[in-house]
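Asker: What follows is the residue order along each chain.
2 protein chains.
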Amino acid sequence: MSRFVQVVVTLKNAVLDPQGDATVHALSALGFDNIESARVGKVIHLAFKNELEPGQLKEQAALMAQKLLCNSVMENFQIQVVEDKAGVP
Amino acid sequence: MSRFVQVVVTLKNAVLDPQGDATVHALSALGFDNIESARVGKVIHLAFKNELEPGQLKEQAALMAQKLLCNSVMENFQIQVVEDKAGVP
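Just so you know, the sequences run in chain order X and C. According to the working numbering, the stretch in the first sequence is residues 5 to 93, in order. According to the working numbering, the stretch in the second sequence is residues 5 to 93, in order.
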């Protein structure tokens with residue numbers, strides 16, 4: 005039982021990502037020349053009001069992603085149930 | 005051995021997040037009234053040129069986050085080594 009979900013929204017592979025390219029160039033200018041590519045996306049941490057089973061959390065978060073958080077024409081989303089507000093397990 | 009890292013950059017708790025508040029309101033307007041709060045952050049998927057041990061990947065990505073990807077005044081970052089380009093394990 006948890007009430008925290010992390011939704012990661014990333015551009016589809018076919019979509020150009022100038023922000024990611026700029027990140028690669030900036031890292032290279034700082035001396036980090038071992039990066040092949042970078043892609044920049046969004047992360048949304050949702051805190052539900054009530055604790056739910058992981059399956060229910062994922063199901064509801066997926067609906068929210070489809071309806072609001074993710075533009076399915078050019079973006080994919082991935083959902084993880086997490087232990088606490090801060091995020092990544 | 006992997007060459008993919010996911011860096012999640014989120015606002016510190018003390019920092020107001022109007023984009024997150026707008027997300028809560030928009031979800032509520034769509035009928036999802038069981039969300040207490042939402043926080044919006046960035047995710048950066050880095051693909052290194054060479055495979056490295058997870059420890060080395062994390063160390064290098066942390067340096068990059070400190071120097072470029074994260075504004076440490078108002079943001080935190082978390083690093084995960086992932087299996088493939090797409091991201092979340």
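Just so you know, these hints were derived from the structure itself, not from any lab. All C-beta atoms in this analysis are idealised placements derived from N, C-alpha and C, irrespective of residue type, glycine included. There may be inaccurate statements among the hints.
Per label pair, the in silico range of CB-to-CB distance [stated by the list, open to error]:
no. : chain 1 : residue 1 : chain 2 : residue 2 : range
1   : X       : S6        : C       : K71       : 25 to 35 Å
2   : C       : D25       : X       : M5        : 31 to 41 Å
3   : X       : L20       : C       : P22       : 37 to 47 Å
4   : C       : A30       : X       : P58       : 31 to 41 Å
5   : X       : G35       : C       : G35       : 47 to 57 Å
6   : C       : Q60       : X       : S32       : 16 to 26 Å
7   : C       : K89       : X       : E63       : 24 to 34 Å
8   : C       : E63       : X       : D88       : 22 to 32 Å
In silico lysine to aspartate or glutamate, EDC-like type, Cα no more than 20 Å apart, as pairs [what the hints assert, rightly or not]:
no. : chain 1 : residue 1 : chain 2 : residue 2
9   : X       : K53       : X       : E87
10  : C       : K16       : X       : D88
11  : C       : K16       : X       : E40
12  : C       : K46       : X       : E55
13  : C       : K71       : X       : E40
Reference excerpt, derived from the structure (chain C facing chain X, CB under 10 Å, subset only) [said to hold, decoys possible]:
no. : residue
14  : V12
15  : G45
16  : F52
17  : L56
18  : K62
19  : L73
20  : V77
Asker: Under the constraints set out in the numbered hints, which ones does this structure not fulfil?
Answerer: When the structure is compared with the hints, numbers 2, 3, 4, 11, 12, 18, 20 turn out to be violated.
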